[in-house]
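Novice: Each chain, letter by letter, is given below.
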Amino acid sequence: MLGVLKAIKTTISTALRKPVTVEYPSTKKELPHRSRGLPVLLWDFDVEEPFCTGCQVCARYCPVDCMTMTMKDNPLYAEGKSKRKKIVDKFYIDYARCMRCDICVEVCNFDAIVMNNTWEGVELSRYDRHDLVLDVDQLMDQSKSGELKDPFREPMGVAHSGWTPKVRSEEEKEAVAAKEESGEE
Amino acid sequence: MATEYSVTPGKDLETIDINVNVGPQHPATHGVFRMVLTVDGEQVVDVDPIIGYMHRGAEKLSENCDYRQAIGYQDRTDYLAQFNTELCYVQAVEKLAGIEPPERAEYIRVILAELNRIASHYMFMGAFGTDIGVFGTAFMYTFRDREIIQDLFEEITGERMMYAYFRAGGVAWDVPEDFRERCREVLSAVRKGIGDIDGLMTDNEVIIARCRGVSPVTPEDAINWGLTGPMLRATGLEHDVRRAEPYCIYDRFEFDIPTGIQGDVYDRYLVRLEEMRQSVRIVEQALEGMPEGPIMAEGLKRTLRLPEGEVYMRNETPRGEYGIYLISKGGDKPYRLKIRSPAFSNLSALRAMSIGSYVADTIVTLGSIDIVLCEVDR
Numbered sequence: 001m002l003g004v005l006k007a008i009k010t011t012i013s014t015a016l017r018k019p020v021t022v023e024y025p026s027t028k029k030e031l032p033h034r035s036r037g038l039p040v041l042l043w044d045f046d047v048e049e050p051f052c053t054g055c056q057v058c059a060r061y062c063p064v065d066c067m068t069m070t071m072k073d074n075p076l077y078a079e080g081k082s083k084r085k086k087i088v089d090k091f092y093i094d095y096a097r098c099m100r101c102d103i104c105v106e107v108c109n110f111d112a113i114v115m116n117n118t119w120e121g122v123e124l125s126r127y128d129r130h131d132l133v134l135d136v137d138q139l140m141d142q143s144k145s146g147e148l149k150d151p152f153r154e155p156m157g158v159a160h161s162g163w164t165p166k167v168r169s170e171e172e173k174e175a176v177a178a179k180e181e182s183g184e185e
Numbered sequence: 001m002a003t004e005y006s007v008t009p010g011k012d013l014e015t016i017d018i019n020v021n022v023g024p025q026h027p028a029t030h031g032v033f034r035m036v037l038t039v040d041g042e043q044v045v046d047v048d049p050i051i052g053y054m055h056r057g058a059e060k061l062s063e064n065c066d067y068r069q070a071i072g073y074q075d076r077t078d079y080l081a082q083f084n085t086e087l088c089y090v091q092a093v094e095k096l097a098g099i100e101p102p103e104r105a106e107y108i109r110v111i112l113a114e115l116n117r118i119a120s121h122y123m124f125m126g127a128f129g130t131d132i133g134v135f136g137t138a139f140m141y142t143f144r145d146r147e148i149i150q151d152l153f154e155e156i157t158g159e160r161m162m163y164a165y166f167r168a169g170g171v172a173w174d175v176p177e178d179f180r181e182r183c184r185e186v187l188s189a190v191r192k193g194i195g196d197i198d199g200l201m202t203d204n205e206v207i208i209a210r211c212r213g214v215s216p217v218t219p220e221d222a223i224n225w226g227l228t229g230p231m232l233r234a235t236g237l238e239h240d241v242r243r244a245e246p247y248c249i250y251d252r253f254e255f256d257i258p259t260g261i262q263g264d265v266y267d268r269y270l271v272r273l274e275e276m277r278q279s280v281r282i283v284e285q286a287l288e289g290m291p292e293g294p295i296m297a298e299g300l301k302r303t304l305r306l307p308e309g310e311v312y313m314r315n316e317t318p319r320g321e322y323g324i325y326l327i328s329k330g331g332d333k334p335y336r337l338k339i340r341s342p343a344f345s346n347l348s349a350l351r352a353m354s355i356g357s358y359v360a361d362t363i364v365t366l367g368s369i370d371i372v373l374c375e376v377d378r
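First to last, the sequence lines map onto chains A and B.
Under our numbering, the first sequence is numbered contiguously, ending at residue 185.
Under our numbering, the second sequence is numbered contiguously, ending at residue 378.
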């Protein structure tokens with residue numbers, strides 16, 4: 001009998017605590033910065049083109065073969081605006097196959113692909129599973145519209161490949177900031 | 001006036017055994033597991049466990065992946081103790097390749113593996129509460145507390161379930177700066193949560209009446225059947241891979257190995273509850289000793305190539321001794337990868353444990369094994 005009373009005491013003390021649940025669709029918990037949703041491509045605002053060159057390294061390392069892409073000659077390179085000789089032409093990711101292992105982000109040499117850390121990268125109900133195969137425009141949409149503000153891309157490949165990520169120097173940062181300011185004005 | 005029967009059951013009246021099918025989709029079977037019970041009235045005469053519904057060929061899949069890609073598949077074998085299974089795999093690779101992970105990475109691994117053990121045992125407590133009868137309160141409490149640990153894992157790795165965070169040679173990226181404080185917060189919540197379960201279940205007469213003396217196992221039988229983990233320790237044998245064959249840096253920490261006396265369902269519950277307390281102790285010590293420094297061994301290629309050889313690595317996961325046997329014939333893929341799954345070995349004792357007991361007790365016995373079907377079927 002004493003044990004049962006002890007159990008009732010526990011339930012009463014728990015009932016007096018604050019609830020921990022949230023009303024999900026109306027209230028959404030903030031996702032952590034490192035949240036790994038499904039992979040999306042990044043948009044280079046400096047030259048108005050994608051970072052991705054379609055080099056296929058992510059497709060080669062993908063354990064589930066969920067992505068395919070092709071590359072083409074970059075028209076902006078011919079005009080002298082861009083440094084990329086080649087640029088992505090078509091890019092498909094089958095979200096139904098992706099297992100979110102983060103390998104594509106790790107191996108990418110151009111910082112072109114990241115895991116989506118917004119709610120958009122997690123909520124993926126579709127009426128047809130074929131809608132889960134996204135093309136290059138849909139993959140770029142998040143980054144292009146500015147919704148994907150602060151993607152997480154830790155330089156984790158460093159030790160693996162002996163390659164260091166490109167970091168902007170202080171001067172370059174200032175130049176970019178000045179350019180942005182002048183653009184706003 | 002007492003009722004007079006014209007026939008005595010079992011003597012004059014002929015009775016036959018009936019086959020009762022449980023599963024594959026049944027809430028008590030923790031996934032897709034089927035057993036055919038042969039019952040004589042309420043008594044179980046025979047149990048025929050049928051597994052394989054969840055078979056994905058995890059071993060073969062891992063053989064077709066290189067050593068980095070296969071880490072993602074290790075999460076999917078034991079989906080309640082992903083860090084532990086990942087740890088076993090990367091350690092097997094490290095042992096064969098002769099890679100020495102840095103100190104900080106080892107500490108991070110131990111902390112996460114132990115927190116994962118707590119989360120897994122939380123899951124057991126909750127599911128166990130529902131298995132022994134309609135006792136859903138424990139389920140709600142444990143899931144509330146497990147969520148706190150899951151949140152911490154999500155902050156570190158980015159995923160809630162399939163972390164893919166450990167690498168051969170270290171961990172993928174460093175933990176956040178407020179890692180120590182967050183861990184301490186989680187630990188205080190865990191202590192409170194353990195207190196809740198303790199108060200709700202341990203001394204509860206209903207639970208004791210339901211679990212005491214159900215499917216007792218002797219130490220000799222436990223060894224013969226190949227039981228490991230809490231199932232083995234509940235019989236009174238003090239065997240824990242973390243102590244018997246210390247891997248990682250477990251030899252630096254002080255912790256006790258809880259054991260039971262009778263080896264019945266209630267003892268298994270008590271052992272797991274005490275293990276959670278011991279895990280808290282280990283995490284506390286590891287947090288104090290965690291140094292600064294690199295998190296990845298230096299000089300590794302992007303695609304790891306192992307020398308020829310073979311290695312067996314065993315780890316203590318929440319379910320028991322999890323082993324990985326890896327054969328390499330050179331190159332970036334293993335020639336053979338064999339997983340020794342503790343839940344599979346423990347489940348094979350189900351038949352011997354439940355013959356002669358009641359139908360309802362069989363469900364309790366099955367719940368006390370703490371099976372994860374993904375790991376049983378691989």
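To be clear, the hints were calculated from the coordinates, so they are not data collected in a lab.
Nothing here was measured: the structure is a model prediction, and the numbers come from that model.
Mixed in with the good hints, there may be bad ones.
Have a look at the derived ranges for each label pair, beta carbon to beta carbon [to be verified]: (1) A:ASP135 with B:GLU181: 55 to 65 Å; (2) A:GLU30 with B:VAL36: 46 to 56 Å; (3) A:PRO25 with B:ASP203: 37 to 47 Å; (4) A:MET1 with B:LYS60: 35 to 45 Å; (5) A:ASP94 with B:GLY52: 45 to 55 Å; (6) B:ILE257 with A:LYS86: 17 to 27 Å; (7) B:GLU308 with A:ARG60: 39 to 49 Å; (8) A:ASP94 with B:ARG56: 35 to 45 Å; (9) B:HIS55 with A:ASP135: 41 to 51 Å; (10) B:ILE249 with A:THR14: 35 to 45 Å.
Where is the CB? At the ideal position from N, CA and C, for every residue including glycine.
Novice: Run every hint past the structure and note whether it holds.
Specialist: Okay, the hints, checked on the actual structure:
A hinted range of 55 to 65 Å for the beta carbons of A:ASP135 and B:GLU181 is inconsistent with their spacing of about 44 Å. A hinted range of 46 to 56 Å holds for the C-beta pair A:GLU30 and B:VAL36, which are about 49 Å apart. The hinted range of 37 to 47 Å is satisfied by A:PRO25 and B:ASP203, whose Cβ atoms lie roughly 41 Å apart. A:MET1 and B:LYS60 have their C-beta atoms about 56 Å apart, which leaves the hinted 35 to 45 Å range violated.
About 28 Å separates the C-beta atoms of A:ASP94 and B:GLY52, a value inconsistent with the hinted range of 45 to 55 Å. For the pair B:ILE257 and A:LYS86, the beta carbons lie near 60 Å from each other, so the given range of 17 to 27 Å is not met. In this structure the supplied range 39 to 49 Å is violated for B:GLU308 paired with A:ARG60, their Cβ-Cβ distance being about 25 Å. A hinted range of 35 to 45 Å is violated for the C-beta pair A:ASP94 and B:ARG56, which are about 18 Å apart.
Checked against the hint of 41 to 51 Å, the C-beta distance between B:HIS55 and A:ASP135 comes to roughly 35 Å, which is inconsistent with it. About 37 Å separates the C-beta atoms of B:ILE249 and A:THR14, a value consistent with the hinted range of 35 to 45 Å.
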